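All chains should be built: construct the whole structure from the sequences, respecting the hints.
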Amino acid sequence: MDLVLQIAEVLNDNLLEWIFIVAWCIWYERNKIKPLAGCFKLNVDTALDPLTNSIGIGTLIRNSDRMVKAALSKHVNGLLNAKDAECVALTYCLCWAQGVFMPFEVVKSDTLEVLQAYHKIKISFYRFDA
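Note that the sequence shown covers residues 71 to 200 in the numbering used here.
Since the hints were derived computationally from the structure, they do not count as laboratory data. Only a predicted model underlies this, so the values are computations on that prediction, with no experimental measurement involved. Hints may be right or wrong, so weigh each one.
Unchecked claim - Distance windows between CB atoms, simulated:
id: 1; residue 1: Ile89; residue 2: Ser143; range: 28 to 36 Å
id: 2; residue 1: Ala107; residue 2: Gly148; range: 37 to 45 Å
id: 3; residue 1: Cys95; residue 2: Asp115; range: 15 to 23 Å
id: 4; residue 1: Ser143; residue 2: Val92; range: 24 to 32 Å
id: 5; residue 1: Leu106; residue 2: Gly169; range: 16 to 24 Å
id: 6; residue 1: Ile89; residue 2: Gln168; range: 38 to 46 Å
Claimed, not checked - Subject to a maximum C-alpha distance of 35 Å in a straight line, what follows is the list of computed DSBU-like cross-link-like pairs (lysine-lysine):
id: 7; residue 1: Lys153; residue 2: Lys104
id: 8; residue 1: Lys144; residue 2: Lys104
id: 9; residue 1: Lys153; residue 2: Lys102
id: 10; residue 1: Lys153; residue 2: Lys139
id: 11; residue 1: Lys144; residue 2: Lys102
Heads up, the beta-carbon is just placed ideally off N, CA and C, and yes, glycines get one too.
Shown next as structure tokens:
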């Protein structure tokens with residue numbers, strides 16, 4: 071957030087508006103993949119907190135109408151780098167999602183490298199999207 075405030079001080083309003091519009095368009099394009107009817111999409115995200123040496127894990131399971139069907143928020147002690155934290159979060163969330171019996175077919179996470187690794191060695195029957 072500090073970076074956004076610093077940028078806002080330097081740029082004129084018109085250019086700042088365009089930056090936010092482009093950022094939103096990129097986000098929207100990355101997040102518009104939806105599962106087939108009767109299946110679900112698993113969204114996974116992490117947050118790192120170096121002040122408390124902890125990781126926050128958040129996940130949603132949505133249906134093809136984008137309605138949230140299940141959600142999870144978890145606090146984990148210990149601080150990892152971003153890639154390792156995403157790997158821990160994805161592992162935890164995949165196990166959780168299977169436990170709530172949601173037949174998801176799309177998995178969304180921010181770390182492409184982690185998703186590619188899962189796609190190759192562990193779970194070959196889901197679509198992975200970074």
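Hints, verified against the model:
Between Ile89 and Ser143, the C-beta spacing of about 30 Å keeps the proposed range 28 to 36 Å intact. Against the hinted window of 37 to 45 Å, the Cβ-Cβ separation of Ala107 and Gly148 comes to about 40 Å, which satisfies the hint. The hinted range of 15 to 23 Å is satisfied by Cys95 and Asp115, whose Cβ atoms lie roughly 20 Å apart. Judged by the Cβ atoms, the range 24 to 32 Å given for Ser143 and Val92 holds: they are separated by roughly 30 Å.
About 22 Å separates the C-beta atoms of Leu106 and Gly169, a value consistent with the hinted range of 16 to 24 Å. Separation of Ile89 from Gln168 is about 40 Å and conforms to the stated range, judged on CB atoms against 38 to 46 Å. Annotation: proposed proximity of Lys153 to Lys104 holds, straight-line Cα distance about 25 Å (limit 35 Å). Distance check on the hinted pair: Lys144 and Lys104 sit about 24 Å apart at the alpha-carbon level, within 35 Å; holds.
For the hint pairing Lys153 with Lys102, the CA-to-CA distance comes to about 23 Å; that is within 35 Å, so the pair holds. Taking the CA atoms of Lys153 and Lys139, the gap is near 27 Å; set against the 35 Å cutoff, the hint holds. Our distance criterion of 35 Å between C-alpha atoms is met by Lys144 and Lys102, whose separation comes to about 25 Å.
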